[in-house]
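Colleague: Now for the letters of each chain:
There are 2 protein chains.
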Amino acid sequence: MNQYTKTVEKWNVFEIRTQGRTDGNPFADYEVWATFTGSNEQKTVRGFYDGDGEYVVRFMPSYEGTYTFEISGSYADKKLAGEFLVTAPTGNNHGPVHVENTYHLKYADGSSYYSLGTTCYAWVHQTNEMQEQTLQTLDENAFNKIRFCMFPKHYDYNYEDPITFPYVGTPCDNSRLNRSTMFEYMEDKSSNHWDFKVFNPEHFKRFDKRIEQLMERNIQADLILFHPYDRWGFDGMGAEYDDFYVSYVVARYGAYRNIWWSLANEYDYVKTKTIEDWDRIGELIHKEDPYKRMCSVHNGPAFYDFSREWITHCSCQGTDRYKATELTAEIRQKYGKPVVWDEILYEGNIDLGWGNIGPEEMTRRFWEATMRGGYAGHGETYLFAADETMDYAKLWWSHGGVLYGESPKRIAFLYDILKDIPGGQGLRFLPQYWDAVAATTEDESKEFYLFYFTYLRPLYRDMYFDDTTEYEVDVIDTWNMEIVPRGTFKGKFRILVGGKPYMAIRVRKRRINK
Amino acid sequence: MNQYTKTVEKWNVFEIRTQGRTDGNPFADYEVWATFTGSNEQKTVRGFYDGDGEYVVRFMPSYEGTYTFEISGSYADKKLAGEFLVTAPTGNNHGPVHVENTYHLKYADGSSYYSLGTTCYAWVHQTNEMQEQTLQTLDENAFNKIRFCMFPKHYDYNYEDPITFPYVGTPCDNSRLNRSTMFEYMEDKSSNHWDFKVFNPEHFKRFDKRIEQLMERNIQADLILFHPYDRWGFDGMGAEYDDFYVSYVVARYGAYRNIWWSLANEYDYVKTKTIEDWDRIGELIHKEDPYKRMCSVHNGPAFYDFSREWITHCSCQGTDRYKATELTAEIRQKYGKPVVWDEILYEGNIDLGWGNIGPEEMTRRFWEATMRGGYAGHGETYLFAADETMDYAKLWWSHGGVLYGESPKRIAFLYDILKDIPGGQGLRFLPQYWDAVAATTEDESKEFYLFYFTYLRPLYRDMYFDDTTEYEVDVIDTWNMEIVPRGTFKGKFRILVGGKPYMAIRVRKRRINK
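Just so you know, the sequences run in chain order R and G. Residue numbers for the first sequence follow the working numbering, beginning at 1 and rising by one. Residue numbers for the second sequence follow the working numbering, beginning at 1 and rising by one.
Same shape as in the complex, but just chain R (with noise of 0.2 Å):
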């Protein structure tokens, strides 16, 4: 065999890189494909050109033991082969996430994810320090899913070019720049000169090395390919282009375990493309990825049609300003997807009203979703008084960087809580309690139950359960994040939740060998 026998962790990302053609344009002229064959499957994937002559395919096996390789593809006259041993996975490593029970998530090992998201829209596009310290800062909390965009942004706080650009051309001039210009710049982008069809490896390894990190701490990277934030012409390269890059971003960073597709970013305020565009894109995504990852379309005035075969899971923004994760269980039962909110608005004190709620109502939108069985993402928006005249304020929501608020503290404790649950399942809203928000758990073994105030405060609560099942119930404070065990109860009990708002009541079944 050849130099490329070597061994990964199953889940993890083989990676093949070689010399090829450089004549002509090597991202649009050449094609590199490999099939990978196990003893447990088999697999023919894209590869994709990274500049300088190199040629890369990149491949996530499922499976231990040992694979083969074979390249083919117009890339070069002389073609690959190998064989390579995957290993079991450590660590970190519980594999890709999946749908499971039809509205919840796990990893390929069977374990669970409980998805936190959180939102650093141009964490990528920022200066390679600020990039390291929002890897830290992702370090320090719960989060587990982050969404970022691929194309830089063009918007409030957000008018510097980024550090590098994904084609090869120039950027128009932004030295006449300001909030009140803003839009100028999204009408007229004619003085933006790129060609679509030569991209920037620069600005594409540094994805994957950011995704890999994500990966390493088991942080999903919900990459968003589109959105409306621009001044640069990528919101608007047309059928052909958009097509060209999609399938090169899937060929570049399928095989990461972590990543997650995400078509856009606000869809519907992309003017320059219809339904039937974002259709042909996820089918083209559905088509070229291998892996069947984790695929939506977030939107803003409106939902996107999650029934689409090639949807895997809704992804939400609250379109209500007074009931965003309130509705989930009803999402849930229309789409049978599960549901993940990927906006409902940001902690901070912006002037925008969707970037200036409180850490008790982001923790509480929190809950909300997920006693309904659904799950949430954070984003944060904090502008301190020195920065109330700057137009480059830097906001965790798009550049990274710190966290202020005090909602992420709060998100970790509900993660402490949503760990604990029996079997590692997934929440279930009850509909009967008007008065609690009331879940349990998908199984409905009746040894879960929580209850959840939201932002009512009773003094107390009577609960009824059967005369027959001994219950061990807590009393939780999701705001100062305490759990008070209250002792053993069974049938008509009475506990003291306190008057105050945010709290929730466990009740879970004894267990014997306590």
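In case anyone wonders, no lab produced these hints; they're calculated from the structure. Honestly, I wouldn't trust all of these hints.
Each pair may be met inside one copy or between any two copies, as identical chains are not told apart.
[Stated by the list, open to error] In silico lysine-lysine, DSBU-like type, Cα no more than 35 Å apart, as pairs:
| # | residue 1 | residue 2 |
| --- | --- | --- |
| 1 | Lys394 | Lys490 |
| 2 | Lys6 | Lys287 |
| 3 | Lys271 | Lys492 |
| 4 | Lys492 | Lys287 |
| 5 | Lys509 | Lys337 |
| 6 | Lys323 | Lys334 |
| 7 | Lys500 | Lys205 |
| 8 | Lys509 | Lys490 |
| 9 | Lys446 | Lys6 |
| 10 | Lys500 | Lys323 |
| 11 | Lys292 | Lys78 |
| 12 | Lys106 | Lys334 |
| 13 | Lys337 | Lys323 |
| 14 | Lys271 | Lys337 |
| 15 | Lys323 | Lys271 |
| 16 | Lys334 | Lys209 |
| 17 | Lys106 | Lys490 |
| 18 | Lys490 | Lys189 |
| 19 | Lys334 | Lys271 |
| 20 | Lys323 | Lys409 |
| 21 | Lys271 | Lys490 |
| 22 | Lys209 | Lys271 |
| 23 | Lys394 | Lys492 |
| 24 | Lys189 | Lys205 |
| 25 | Lys197 | Lys394 |
The hints should help you fit chain G onto chain R, whose structure is shown.
Modeller: Below, chain G alone, put in the same frame as chain R:
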């Protein structure tokens, strides 16, 4: 003429009290009517029997000057007649409240009535000492409408018999009564014994007095005629006795300028009546009430059809836990009538979800209603640790007494802001601001704007007005009850709001002679 010659203020009650037949059942067997004639109006009104051989006719004159009256009916052989002088109103007397400009309310003298309600369902059924305490608490607060029931209440915390019953007879034995047997009492009412054609004057005289005391305080008496929380059978007397009762009540209280008719608390929980019953009762009131007082039907799960001709305003209870007064503008538009939220959950901490919101949420709900051109109503249900196991705790929502909450003074603060609207106008919602609840005056004169940020917390707000008008801008902290003038601005300007919840900005056209 005769001994009834006297003077009365316009909009006060002119009462004729005279002796008549006592044989048979004077409540049912005889009628008393009187025709009142002034130079601007003539009204023939029904009187009522008040026990002890006394027949009473009450009349509210709407004009100043000399009136004559003539009594008729089967109550006596010898009929009275007389004259009296109607003088100008004094002090608190602004006349009755009526609908003005489709969505708002005014007193007959043209002054504005911004409705700020509260609820004490059974306050007139408590001890006299407690009733006096309720009046004193009302004196210390800004509420100008109170909802209460003619019939006693049977519900949690309300198991004691009232101090008087509306009918002569004997109530069921309540010695076995507690929270868990409550529903038994509601199902079998056979051990009550009443004569539904013989009223108990002592009961009604107390209501005379309390309604008059409310009138003196300029508090509208929103009198609830029926309700479902009953163990005595008053909720299921049948059409004949219902109409007999309604006619008596209208004859007795219609002349009080502060009376409002509320056909029911939660009509849709009264299982013994149909929509046809409610419509018949509403039409009867409309026919019997010579003054066409404010009249509506309060709901449980679903609004009544407020389009009925005899309904003057939408008396609403929220039907969604997360959106109630936020829907005011839509309800206004649907029915073309004022929206008065009579139940928006109560400030408190009891175990039932309708009675344990915090003062912040109560205040927020008042502001949401107000900003959308409607009006809201308060209630309070605070239980203290010492009351926890008590079935008879005294809660303002039902018993009156003392207020402990933090919302009433914020409601009074809101009232001060309303009283300062130019021309005493009502507000109209401006839907174009998604991230501020915005309002202007109904006349859209561009002289007055309010922007309310509800739970959102902008650090600052950029405002866009025209360049030619100077505006005085204040920042209002609706929770801390502070109004901070920010100066005079025009065109585009930035206002520091502070990054706190429950803030508002008031923008008023600069007054030249200030």
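Colleague: Give the relationship of Lys323 and Lys334 under a CA distance limit of 35 Å: within one copy only, between copies only, both, or neither.
Modeller: both (17 Å within a copy, 21 Å between copies)
Colleague: Should Lys509 paired with Lys490 be assigned to within, between, both, or neither, using CA atoms and 35 Å as the limit?
Modeller: Intra 10 Å, inter 65 Å, cutoff 35 Å: intra-copy only.
Colleague: As a check of your reading, is Lys292 near Lys78 (CA-CA no more than 35 Å) within one copy, between copies, both or neither?
Modeller: So Lys292 and Lys78 pass the 35 Å test inside one copy only (31 Å; across, 97 Å).
Colleague: Up to 35 Å between alpha-carbons, please classify Lys189 paired with Lys205: within, between, both or neither.
Modeller: within (26 Å within a copy, 80 Å between copies)
Colleague: Reference check for the pair Lys337 and Lys323, CA-CA at most 35 Å: within, between, both, or neither?
Modeller: This pair counts as both: shortest intra-copy Cα distance 20 Å, inter-copy 26 Å.
Colleague: For Lys106 and Lys490, with the copy left unspecified, which applies at a CA distance of at most 35 Å: within, between, both, or neither?
Modeller: Result: close within a single copy only, 33 Å intra versus 57 Å inter.
Colleague: Pop the pair Lys271 and Lys492 into one bin, within, between, both or neither, using alpha-carbon distances up to 35 Å.
Modeller: For Lys271 and Lys492, only the inter-copy Cα distance (28 Å) is at most 35 Å; the intra-copy one is 57 Å.
Colleague: If the cutoff is 35 Å on CA atoms, where do Lys6 and Lys287 land: within, between, both or neither? Let me know, please.
Modeller: within (29 Å within a copy, 95 Å between copies)
Colleague: At most 35 Å between CA atoms: does that hold for Lys500 and Lys205 within a copy, between copies, both, or neither?
Modeller: So Lys500 and Lys205 fail the 35 Å test inside a copy (50 Å) and across (42 Å) alike.
Colleague: Within, between, both or neither: how does the pair Lys271, Lys337 come out at a Cα-Cα threshold of 35 Å?
Modeller: Within one copy only: 27 Å inside a chain, 40 Å across chains, cut-off 35 Å.
Colleague: Is the C-alpha distance from Lys271 to Lys490 at most 35 Å within one copy, between copies, in both cases, or in neither?
Modeller: between (58 Å within a copy, 34 Å between copies)
Colleague: Since the copies are identical, ignore which copy is meant and state whether Lys394 and Lys490 lie within 35 Å (CA to CA) inside a copy, between copies, both or neither.
Modeller: Between copies only: 30 Å across chains, 53 Å inside a chain, cut-off 35 Å.
The earlier numbered hints that this structure contradicts are 4, 7, 9, 16.
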